[in-house]
Amino acid sequence: MIAAIVDTNIYFSAFYNPNGKEAEIIRRGNREELLLLSPDIVREELKRNLKSKLGLSDAQVTSIISSLPTVWVPKTEYERFLENAELIVPHEEDAPILACAMKFGTGILTGNTKHFHIARTKKIAVWSSAGLLDLLRKESGA
Amino acid sequence: MVKKMVTTISVSEEVKKELAKLKIELGYPSMDSLIKDAIVEMRNRKFEDASKLFRERLKEKGLTIEDIQKEGTRIRREVYREWFKK
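Here the protein sequences line up with chains Z and P, keeping their order. Here this note's numbering is used: the first residue of the first sequence is 252, the next is one more, and so on. Here this note's numbering is used: the first residue of the second sequence is 22, the next is one more, and so on.
For reference, chain Z alone in the conformation it holds in the complex (with noise of 0.2 Å):
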């Protein structure tokens, strides 16, 4: 089963457009056909946003959350790749995603490709989500 790291923009872009191909990967996930897992940054992104942008009590944030098939990766599994990350992306606050690809030696899935075009060159796939979804229907041979 493939697996993706998934960033933060992905889950937004999936609850804005539930017939769009974010929400197809959440889909996926639901169905194991795909594993999904974020470094807890991207909840912890996800909740202050969702909470200060949007007004959402916490019951409605941990609800939102919990809709999600994604396995949080906490910091004391990826904190020892995070320097080395730092050292690859060009926005330091971006190392969590490669810091958590480098230690599961999957690839990331975001919408921002471009952020971490540098850690292609480290052998790490950068996927959006049309490029994903292609690869899945390759794999499934569809």
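Derived by calculation from the structure, the hints in this document are not laboratory data. Treat the numbers as computed from the prediction; the structure is a model and nothing was measured. Backbone N, C-alpha and C fix where the C-beta goes; we use that ideal spot for every residue, glycine too. Any given hint could be a false lead.
Residues from chain Z shown here face chain P by an in silico Cβ test under 10 Å; the list is partial [as the list claims (entries may be wrong)]:
id, residue
1, N268
2, P269
3, S318
4, L319
5, K326
6, G362
Once you have looked at the hints, place chain P on chain Z.
Leaving out everything else, chain P in the frame of chain Z:
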């Protein structure tokens, strides 16, 4: 072939009959696969409810998805500094 571990669950006679009927009607090879699909449906429904709440609140607040994504960049920087740059 690795055999899956199995267990039992308790359901009413009525639910058992309904599940058996659905299993035949929908052509599922086992009760396990039928229930697994039902779980996926419920997960998808949960996601759709979350999506609806998100879109409704976005509209109420007069915000766009770009506003949320932009704020996300600021928040990530803030959390990153709090967690890793103390």
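Verification of the supplied hints:
{"no.": "1", "hint": "N268", "in the structure": "holds, 8 Å"}
{"no.": "2", "hint": "P269", "in the structure": "holds, 4 Å"}
{"no.": "3", "hint": "S318", "in the structure": "holds, 4 Å"}
{"no.": "4", "hint": "L319", "in the structure": "holds, 7 Å"}
{"no.": "5", "hint": "K326", "in the structure": "holds, 7 Å"}
{"no.": "6", "hint": "G362", "in the structure": "holds, 8 Å"}
Hint violations for this structure: none, all hints satisfied.
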